[in-house]
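**Q** Chain by chain, the residues:
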Amino acid sequence: MRGRGGTAILLDVLTGALLFLLLFPVIWIFLGSIKPDPDIMAANPWPSRVTFENYIAVFHKEGFLIALRNSLIVGLSAAIITTALAAPAAYSLSRFTYRGKAAVNLLILGTQTLPVVAVLVPIVVIVRNLGLTNTLTALIFTHLALGLPIAVWVLKGYIDAIPRDLEDAALVDGCGRFEVMLRVMLPLLKPALVAVGTFAFVLSWGEYLLALSLVSKSDVRTLPLALQSLFDPYQFSWGTVMAGGVVIALPAVVLFLVFRKQLVGGLLAGAVKG
Amino acid sequence: MVSSSPTADRAGVSSPARFSVERLLPYGMVAPAVLVAFAIAVVPLIYQIWLSFQDWYMLRQPQPVFGGLVNFVNLLHDGALWSAFARTWVWTIGTVLVEIAIAVPVALLLNRETAMARIASALILVPWVTPFIVVGFGWRFLLDSDVGALHLFLEAIGLAGNTSLLTDPLGALAAVTFISGWKGAPFMVIALLAALKSIPVELYEAAEADGAGPVARFWHITVPSVWNTIVMVGLVLGILAFYSFDLVWIMTKGGPQDATTIVGISIYKAVFLDLRPAYAAAISVVMLVGLFAASLLVLQLRRR
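Residue numbers (the numbering used here), protein chains in the order written: chain A, 1 to 274; chain B, 1 to 304.
Treat the hints as calculated values from the structure; they're not laboratory data.
The beta carbon of each residue, even a glycine, is placed where N, CA and C say it ideally should be.
Just to be clear, a hint being listed does not mean it is correct.
Quick list of the computed label-pair ranges, beta carbon to beta carbon [said to hold, decoys possible]:
(1) A/Asp173 x B/Val223: 45 to 55 Å
(2) A/Pro36 x B/Leu203: 55 to 65 Å
(3) B/Ala293 x A/Val194: 35 to 45 Å
Hey, can you work out the whole structure from these sequences and the hints?
**A** Shown next, in the form of structure tokens:
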């Protein structure tokens, strides 16, 4: 018994060490954001004093606040539309049997495994032909592709797990289908809806390639593009770039970890079924 | 069946209409999502095939005209592109190998019921959810030849000279491949963890009773049980790696020279720097066909 306890502690120490190594780059980014410039120049591992100068500097950079606003508009819109489209689709795929359902499943799974680079060229040309280059609309619409398939998978898994008896009972009581969905299913699904909406937001928030390809004007830039523009050859500071990085990474990391339990299962199901 | 009179009336009066509404309802509910999936996946893919047969070089041919196989003929003679294809395979396989090499030991360590293992299985996800733009700049900071902590370390052990690893062709490719694997590994970890947790404890107990040591148990129980997960998740992560763009563009822009130009970078450059969208579409089409064939091959690795 004593030997087993000792092994457990040893393995815990090993786990901690490995975790530290794997997270080291992220920790370094954070430390870089709170170090004064001389510490960065000297490559000091630990800040000699904690400073918020870098954060103040990044928010004073021209366009950073506009980019923050744009990222919020695009991310929130993509999250709301993704959830609104995914919920009825998931309900339909979970509760009904009909012709063409297998094809719909395949289409949604296919969309999930299709990387952005594979359809970048036609999307850029189509957006340009529609006159939507340099608009947030184009970003919102194309960002739907990032979260929608996963949202359908996660929600379908949730609905599959809710017993049909609940709905049947309400139907027998004389509620119509829509009433059942709104009054019975929607409250039960609320946590899952929040989770998939959050995930869609996180994916849109950090998205780089579509933003880079569809946006060239500074007033429609999103945060990843704004961070890139901080590489100013005349007044460049690693501290400012790292502070900007933390501003972008923090919401994504925190939101994902909060909803980790709801999301991880659906992500794995999508991957393994594919 | 208990039917109070109002319910019966309702069912009786509106039966035919209700019937068709009930039949159309599932389609109506799934239609918006299907339409969006069509608009952002199916339509672009079809349009891409059409584009790949056009002659469209914006500097001398501002509007696309039918060009037949002109792009595919050019593609055959594009030596730089074939190098990029070869490099993309190195990068893809390298990324997946790094992912497996990191994920297997980590998942084995996390498959325990201690507080440390629980906390670590949440925090391990951080590199995976941190946006590429942030990790890309973070690693550039680490590898910077003036202030980079990792650069100083590599210099001390003789792996880097006084210039950054990212300025050396081979070093840059190795570095971005490793970073790509590091960023994708957490996904493999959580998949492996789920597979490990589903192995019945009885299997291990029975093997232990039969006198199998830890190594034998690992090779004869653990590896066969998680093999299909490794293959399937490896395939998904491999597809993602094959179509990468973000990390490499952020870190090296495909350089030095063409040392880290993978096909994703070639496509981007063909559209935005060379202004040849139809040619880029042709590259994408060839890429899709090649990837499809490779995926079928990988699926043969599954245990039945």
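**Q** Checking each numbered hint in turn, tell me which of them this model violates, lowest number first.
**A** Result: no hint breaks.
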